[in-house]
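Read top to bottom, the protein sequences are chains A and B.
Heads up, the final residue of the first sequence is numbered 180 in this note's numbering, and it's a clean run with no missing numbers.
Heads up, the final residue of the second sequence is numbered 540 in this note's numbering, and it's a clean run with no missing numbers.
One should not assume that every hint holds.
[To be verified] Derived pair list, reagent style DSS-like, types lysine-lysine, alpha-carbon separation capped at 27 Å: (1) K91(A) x K396(B); (2) K168(A) x K522(B); (3) K348(B) x K68(B); (4) K394(B) x K522(B); (5) K68(B) x K129(A); (6) K91(A) x K168(A); (7) K396(B) x K68(B); (8) K97(A) x K168(A); (9) K68(B) x K168(A); (10) K68(B) x K97(A); (11) K91(A) x K173(A); (12) K173(A) x K97(A); (13) K257(B) x K173(A); (14) K394(B) x K173(A); (15) K97(A) x K348(B); (16) K348(B) x K174(B).
Worth flagging that the hints you see were computed from the coordinates, not collected in a lab.
Just so you know, these numbers come straight off a predicted model, no measurement behind them.
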Amino acid sequence: MADIAKVSGAQVAAGAWIDGVQSAEFKTLIDTKRRSIVPMIVTYVVGYIGLSILAGFGRGILGTKVLGSVNLGFVLIAGNYVMSWVLAIVYARISTNRHDPLLKVVVDKARAAGGP
Amino acid sequence: MNLITIAMFAAILLISLGITAWAARRTRTTVDFYAAGKGLTAAQNGFALAGDWCSAAAFLGFTGLTALYGMDGALYAVGPLVAFCTVLLLIAEPLRNTGTYTIGDVIMYRMRQPPALAAAIVGTIVINLAYLIPQMAGGGILIKLLFGIRYDVSVILVGCGMIIYVAAGGMLATSWVQIIKAVLMLGAGAIILLLALAGVGFDPLVLFASAEATAGPNFLLPGNLLKNPFDEVSLGLGYMLGLAGLPHVMTRFYTVPDAVTARRSVIWVMFLAGAFFAGTTIFGLAAVHYLGPEALRVGNPGGNLTLPLLAQYLGGGKDTVGGQLMLGFVSAVAVATILAVVAGLTLATSGAVANDLYVNLLRKGKVEERQQVLVARITAVLVGIVATLLGIMAEGVNVAVLVILAICIAASANFPVIVLSLFWRRFNTGGVVGGMALGLVSSVGLALIGPAYLGPNAIWPLVNPTVVALPLGILGAVFGSLLAGRDHEHEKRFGEVTFRIQTGLRSNQT
Numbered sequence: 065m066a067d068i069a070k071v072s073g074a075q076v077a078a079g080a081w082i083d084g085v086q087s088a089e090f091k092t093l094i095d096t097k098r099r100s101i102v103p104m105i106v107t108y109v110v111g112y113i114g115l116s117i118l119a120g121f122g123r124g125i126l127g128t129k130v131l132g133s134v135n136l137g138f139v140l141i142a143g144n145y146v147m148s149w150v151l152a153i154v155y156a157r158i159s160t161n162r163h164d165p166l167l168k169v170v171v172d173k174a175r176a177a178g179g180p
Numbered sequence: 031m032n033l034i035t036i037a038m039f040a041a042i043l044l045i046s047l048g049i050t051a052w053a054a055r056r057t058r059t060t061v062d063f064y065a066a067g068k069g070l071t072a073a074q075n076g077f078a079l080a081g082d083w084c085s086a087a088a089f090l091g092f093t094g095l096t097a098l099y100g101m102d103g104a105l106y107a108v109g110p111l112v113a114f115c116t117v118l119l120l121i122a123e124p125l126r127n128t129g130t131y132t133i134g135d136v137i138m139y140r141m142r143q144p145p146a147l148a149a150a151i152v153g154t155i156v157i158n159l160a161y162l163i164p165q166m167a168g169g170g171i172l173i174k175l176l177f178g179i180r181y182d183v184s185v186i187l188v189g190c191g192m193i194i195y196v197a198a199g200g201m202l203a204t205s206w207v208q209i210i211k212a213v214l215m216l217g218a219g220a221i222i223l224l225l226a227l228a229g230v231g232f233d234p235l236v237l238f239a240s241a242e243a244t245a246g247p248n249f250l251l252p253g254n255l256l257k258n259p260f261d262e263v264s265l266g267l268g269y270m271l272g273l274a275g276l277p278h279v280m281t282r283f284y285t286v287p288d289a290v291t292a293r294r295s296v297i298w299v300m301f302l303a304g305a306f307f308a309g310t311t312i313f314g315l316a317a318v319h320y321l322g323p324e325a326l327r328v329g330n331p332g333g334n335l336t337l338p339l340l341a342q343y344l345g346g347g348k349d350t351v352g353g354q355l356m357l358g359f360v361s362a363v364a365v366a367t368i369l370a371v372v373a374g375l376t377l378a379t380s381g382a383v384a385n386d387l388y389v390n391l392l393r394k395g396k397v398e399e400r401q402q403v404l405v406a407r408i409t410a411v412l413v414g415i416v417a418t419l420l421g422i423m424a425e426g427v428n429v430a431v432l433v434i435l436a437i438c439i440a441a442s443a444n445f446p447v448i449v450l451s452l453f454w455r456r457f458n459t460g461g462v463v464g465g466m467a468l469g470l471v472s473s474v475g476l477a478l479i480g481p482a483y484l485g486p487n488a489i490w491p492l493v494n495p496t497v498v499a500l501p502l503g504i505l506g507a508v509f510g511s512l513l514a515g516r517d518h519e520h521e522k523r524f525g526e527v528t529f530r531i532q533t534g535l536r537s538n539q540t
């Protein structure tokens, strides 16, 4: 197997398995991951930073009573807990059902080509 | 102080020393010492992460903040859970696939140039010390309050405990101490939650109404603690990105065999720690309901004794066996929490000094395995002694600024550098140095001239400078990379880096 550790200056002389990075399977894996992860990142950034901005600049809005003494702020805080837990479950499912099988194809191919 | 507390405290101490003795016999190699042999399961690492995540600042602090400041306390509590979305989606699996023991490993693997590693070492050490000193000081104050021992003696006791755990038992002992502490803490939380809700007929709305009625109409609004609106935004940003940049939490992902286990351990901690954080908001409101806002302001600095006081009340009151039992239990768990968290921090700092600085930077990796373990153990002792001395010196100093500072640096310096190292092709050593330098300097500089340190004479208005320091850190990283010029070989190698980030496949040499 080629020694990739010594390629800092010279031509990249890695083993053929590393060419897996150019393969269609690897590109599919990256695209699939990106398509599922990016919307999740947008969701929690908007949800949580939105709450933080409202806590600073929308104090009257967060004080709107919703249920008894519970105001909109506490509802949104509870919403952030639920959002995080839902994202955790959704990501766990998507990664197990969609990402991992695609990853297995890439890894198997790299191993067949002499990878570690 | 009563016998029940002392007995419980002694029991926890004996169990953790027993674990340390067991772990010490199994810790022979560097992978044992730094990464518990990479043999933890998802559930074990999840509980240990929950232990790391719920420091005394969370366990006692969030409850106290909610009891004293209402909604701001609840905002403090929800952030650390959302932070794990960042860890889950961006950090945990790539980190497990690229690094070995430390964050420095990841930076060195990507950059292969000593200045990049040096910058990562500085970042890790500054963040860890800034996080460790307030934990030591908090531990000293807490033990002093609970047991009536002098402050400096209390800090030394905490220091001795953590040095023994880390130097003898390495990551294995540290992990199991965390796991046991997390189980006890979650148990204590469940009991308190049950008792607190039972008193109001399991209707949490009563707690909200009661808190509003006794503590005033503004109590349930934001802004009671963080007066400046930008501080609320800083808190959010710092949490969302900074907790994902804390070295002692990131190194936890090296203790599992593969990326899938790393991912599953994050799911575990999100439910374990998340449920506990949600609980602290209820505890805080319950404390106002049962004890009244006035009782909480007396002899309760920073609200840190709110949870022990609530536990005592729910157990039956000051002079009952139940009350003493609950107070003893919560106090013992609090001390165990401090010991476990400082142990984790000491271990991560030792990794940066022994593995990154000594072995990889100074000796270029040419150190025998046996010697590496020895150096790691000696470093743990030295780091422990330094932390203890700094903890003693911190008496009376406002240590809150240091916690904010640690999270701010982690968000502004560490986080951009790690994420860009993993995902940006053109990121290079110039970027690492630029991002670390600008993130670090702006965080430290702005925190020191802010109200947390200078009080009313502050030159800079924000307690938490993340809202400014984070963009500066990112700018430093981006412009540092662009100014350093393009290195086509380095960029070409990014393909291999990406392959390893995604698959975990690595050649023998890297």
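For each hint, the structure was consulted:
1. K91(A) x K396(B): 38 Å, violated
2. K168(A) x K522(B): 25 Å, holds
3. K348(B) x K68(B): 46 Å, violated
4. K394(B) x K522(B): The hint holds at about 24 Å.
5. K68(B) x K129(A): 50 Å, violated
6. K91(A) x K168(A): Holds: K91(A) and K168(A) sit about 13 Å apart, inside 27 Å.
7. K396(B) x K68(B): 23 Å, holds
8. K97(A) x K168(A): 14 Å, holds
9. K68(B) x K168(A): 21 Å, holds
10. K68(B) x K97(A): 26 Å, holds
11. K91(A) x K173(A): Status holds; Cα separation ~14 Å.
12. K173(A) x K97(A): With a Cα-Cα distance of about 19 Å, the restraint between K173(A) and K97(A) holds, given a limit of 27 Å.
13. K257(B) x K173(A): 57 Å, violated
14. K394(B) x K173(A): 34 Å, violated
15. K97(A) x K348(B): Judged against 27 Å, a Cα distance of about 56 Å means the pair is violated.
16. K348(B) x K174(B): 19 Å, holds
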